[in-house]
Amino acid sequence: MQDPKTAVNDASIPMYQEQNKKETKRRISWLQPQKAISKKLYLSLSISSFILILLVWSGITYTHLVDPLFLPTPTDIINSAVTLFTELGFATDILATISRVFVGFLLALIIGLPLGVLIGTFKVVEAFFEPVISFVRYMPVSAFIPLFILWIGVEEPEKLAVIFVGSFFSLVLMIAVEVGNVRKELLEAAYTLGSTNFGIIKSVILPAAMPGIMEITRLVLGWAWTYIIVAELIAAPSGIGHVIIESQRMIRTSNIIFGIIVIGILGLICDVVLKIVTRKLFSWNYGR
Amino acid sequence: MKPKVTIQNIQKVYKGKTDVLAVDTINFDIMENEFITILGPSGCGKSTLLRMVGGLEEQTSGHIYLGDQELVGPSSNRGMVFQAYSLFPWLTIEKNIQFGLKNKGMKEADRKDISDSYIELVGLKGFEKHYPNQLSGGMKQRVAIARALANDPEILLLDEPFGALDSQTRLIMQELLLNIWEKKKKTILFITHDVEEAIFLGSRVLVMTSRPGKIKEDMPIELPHPRTYHVKSDPTFIKIKDHLTELIREESLKAIELEVQK
Ligand SMILES: Nc1ncnc2c1ncn2[C@@H]1O[C@H](COP(=O)(O)OP(=O)(O)O)[C@@H](O)[C@H]1O
Ligand SMILES: [Mg+2]
Chain A
502 MQDPKTAVND ASIPMYQEQN KKETKRRISW LQPQKAISKK LYLSLSISSF
552 ILILLVWSGI TYTHLVDPLF LPTPTDIINS AVTLFTELGF ATDILATISR
602 VFVGFLLALI IGLPLGVLIG TFKVVEAFFE PVISFVRYMP VSAFIPLFIL
652 WIGVEEPEKL AVIFVGSFFS LVLMIAVEVG NVRKELLEAA YTLGSTNFGI
702 IKSVILPAAM PGIMEITRLV LGWAWTYIIV AELIAAPSGI GHVIIESQRM
752 IRTSNIIFGI IVIGILGLIC DVVLKIVTRK LFSWNYGR
Chain B
3 MKPKVTIQNI QKVYKGKTDV LAVDTINFDI MENEFITILG PSGCGKSTLL
53 RMVGGLEEQT SGHIYLGDQE LVGPSSNRGM VFQAYSLFPW LTIEKNIQFG
103 LKNKGMKEAD RKDISDSYIE LVGLKGFEKH YPNQLSGGMK QRVAIARALA
153 NDPEILLLDE PFGALDSQTR LIMQELLLNI WEKKKKTILF ITHDVEEAIF
203 LGSRVLVMTS RPGKIKEDMP IELPHPRTYH VKSDPTFIKI KDHLTELIRE
253 ESLKAIELEV QK
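Those protein sequence lines, which keep their order, are chains A and B. Just remember that our numbering sits 501 ahead of the position in the first sequence, which is counted from 1. Just remember that our numbering sits 2 ahead of the position in the second sequence, which is counted from 1.
No lab work stands behind these hints, which were simulated from the structure alone. Take the hints with a grain of salt, since some may be wrong.
Think about it this way: if two alpha-carbon atoms lie no more than 30 Å apart in a straight line, the pair counts; the simulated BS3-like pairs of lysine-lysine are [to be verified]:
#: 1; chain 1: A; residue 1: K776; chain 2: B; residue 2: K127
#: 2; chain 1: B; residue 1: K17; chain 2: A; residue 2: K781
#: 3; chain 1: B; residue 1: K218; chain 2: A; residue 2: K624
#: 4; chain 1: B; residue 1: K104; chain 2: B; residue 2: K186
#: 5; chain 1: A; residue 1: K781; chain 2: B; residue 2: K109
#: 6; chain 1: B; residue 1: K256; chain 2: B; residue 2: K6
#: 7; chain 1: B; residue 1: K104; chain 2: A; residue 2: K624
#: 8; chain 1: A; residue 1: K685; chain 2: B; residue 2: K6
#: 9; chain 1: B; residue 1: K142; chain 2: A; residue 2: K685
#: 10; chain 1: B; residue 1: K106; chain 2: A; residue 2: K624
#: 11; chain 1: B; residue 1: K241; chain 2: A; residue 2: K685
#: 12; chain 1: A; residue 1: K703; chain 2: B; residue 2: K109
#: 13; chain 1: A; residue 1: K685; chain 2: B; residue 2: K234
#: 14; chain 1: B; residue 1: K19; chain 2: A; residue 2: K685
#: 15; chain 1: A; residue 1: K703; chain 2: B; residue 2: K131
#: 16; chain 1: B; residue 1: K131; chain 2: A; residue 2: K624
#: 17; chain 1: B; residue 1: K216; chain 2: A; residue 2: K685
#: 18; chain 1: B; residue 1: K4; chain 2: A; residue 2: K685
#: 19; chain 1: B; residue 1: K106; chain 2: A; residue 2: K703
#: 20; chain 1: B; residue 1: K142; chain 2: A; residue 2: K776
#: 21; chain 1: B; residue 1: K97; chain 2: A; residue 2: K776
#: 22; chain 1: B; residue 1: K186; chain 2: A; residue 2: K781
#: 23; chain 1: B; residue 1: K131; chain 2: B; residue 2: K97
#: 24; chain 1: B; residue 1: K127; chain 2: A; residue 2: K703
#: 25; chain 1: A; residue 1: K685; chain 2: B; residue 2: K131
#: 26; chain 1: B; residue 1: K131; chain 2: A; residue 2: K781
#: 27; chain 1: B; residue 1: K127; chain 2: B; residue 2: K218
#: 28; chain 1: A; residue 1: K781; chain 2: B; residue 2: K127
#: 29; chain 1: B; residue 1: K19; chain 2: A; residue 2: K781
Selected chain A positions facing chain B (Cβ under 10 Å, derived; list incomplete) [what the hints assert, rightly or not]:
#: 30; residue: G560
#: 31; residue: T564
#: 32; residue: H565
#: 33; residue: D568
#: 34; residue: P569
#: 35; residue: L572
#: 36; residue: E656
#: 37; residue: R684
#: 38; residue: A690
#: 39; residue: G700
#: 40; residue: M711
We put the beta carbon where it would ideally sit given N, CA and C, even for glycine.
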């Protein structure tokens, strides 16, 4: 039984064959939502976005379309980078910034991790700490800087305090949530296998929450990079933030931009390293 | 003979905005080496009952004894297998199975011997170093059973352990469990809403009413052991199945009516 209408659409008729082929092709294209694309395409697209920025930047600076005071050329930036490193000891500033971030953040993590785990595990601890910490968490760190300077001066401890306060409260709360979300079945299984109330923290809760805790660490460490710059902008003898604020005073726009780029790169390196370490250490959490 | 486990006047009320009477005055004994299946419509309080025996839920009234000792809270003398996968995803299969032994403070070499023998028993040789997320649903439940057994509990409690599996895998798992019970002579309490599964596995089936769950019928299953899936086409099996299907149907209809009235 052949309906005349469908007979016309029959793909065996040469005239229609080509049209049908085209249609199939469109359906498997990269416009399909969430459809995976090849690694090569992904990488080249990512790289081209950077190239595009560089092209537009070069286009408007080398042609003097904008005043170099506002936006210097890429060559200017490279020149500043060389001067900063060779003549102005920028490496020491970078090291100063890095060590502040790490020391401040590590202190926050050393105290925040056990506290977060306890809050996520025991309701009594949660009831005591959680409301206060939630409250403090929403106070902006930058607003505390004048107080810190008043209380502990403008030396290193003040910088560490900014990082600590900026990271600690978020770390504790996010770790507590992560720990509280450990599946109840796992705890129950452990009890029926003879685990004790305290033993279970080490044998089940910590290992189950560890990948999530690493993710949280990565995220909060990213924020810590922004706090340190704010801290260094205000009163610091060294550091990337200090270089940026000095450059502003001397109207060295290219130094400022290079400083910002360096912060971005440092943050990105931290992020990528932590991501790789997490995937290596907790491969059981990431599929086959 | 003295019963292994005595369940005496057990009642459970879940307190809340409106209190829910989940399990109502249940009494029964479990003898050594018995394989009891509890059959009931969904929501009738089966899991609640099992969890009380396992010590994971506290009864509102009544007592549960293991031998002469009253049971309070969970412990390694009652092994549990849950419906949801409850393996520790950060541990390999063999470390999962050794979890309870490690809690007992057993030496590494002895633990390894025991986990090897149970891995063999559940047919997972070669998967010792795999992680749970590398296994299929059926294999995960094999590990869960091995993990519970490796601890050598007095009684094994299983809460619809094959509920999430496809029907072929399910049949294979039923035979596997039955085979283990025939070999190791364990005492087992097994919960299901599947009539066939209850009869095939059980040496005794306890049928529960719809909520609040009570024991409606206590039926010994006299089919000979060892059983294979062929027993499912045995006339005696079919007769029991018809009878129990009718009972469960009545209870399910009651449960639906209760829902509708709300
Ligand atoms: N933690 C709980 N709090 C309140 N009600 C519950 C809880 N657990 C189960 N119930 C209720 O108790 C009844 C029996 O549940 P359950 O034992 O899980 O049934 P089954 O396992 O037979 O499906 C259900 O009506 C369920 O909603
Ligand atoms: Mg249930």
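Those earlier numbered hints the structure runs against, lowest number first: Violated hints: 1, 2, 3, 6, 11, 13, 16, 18, 22, 27, 29, 30, 31, 32, 33, 34, 35 and 36; rest satisfied.
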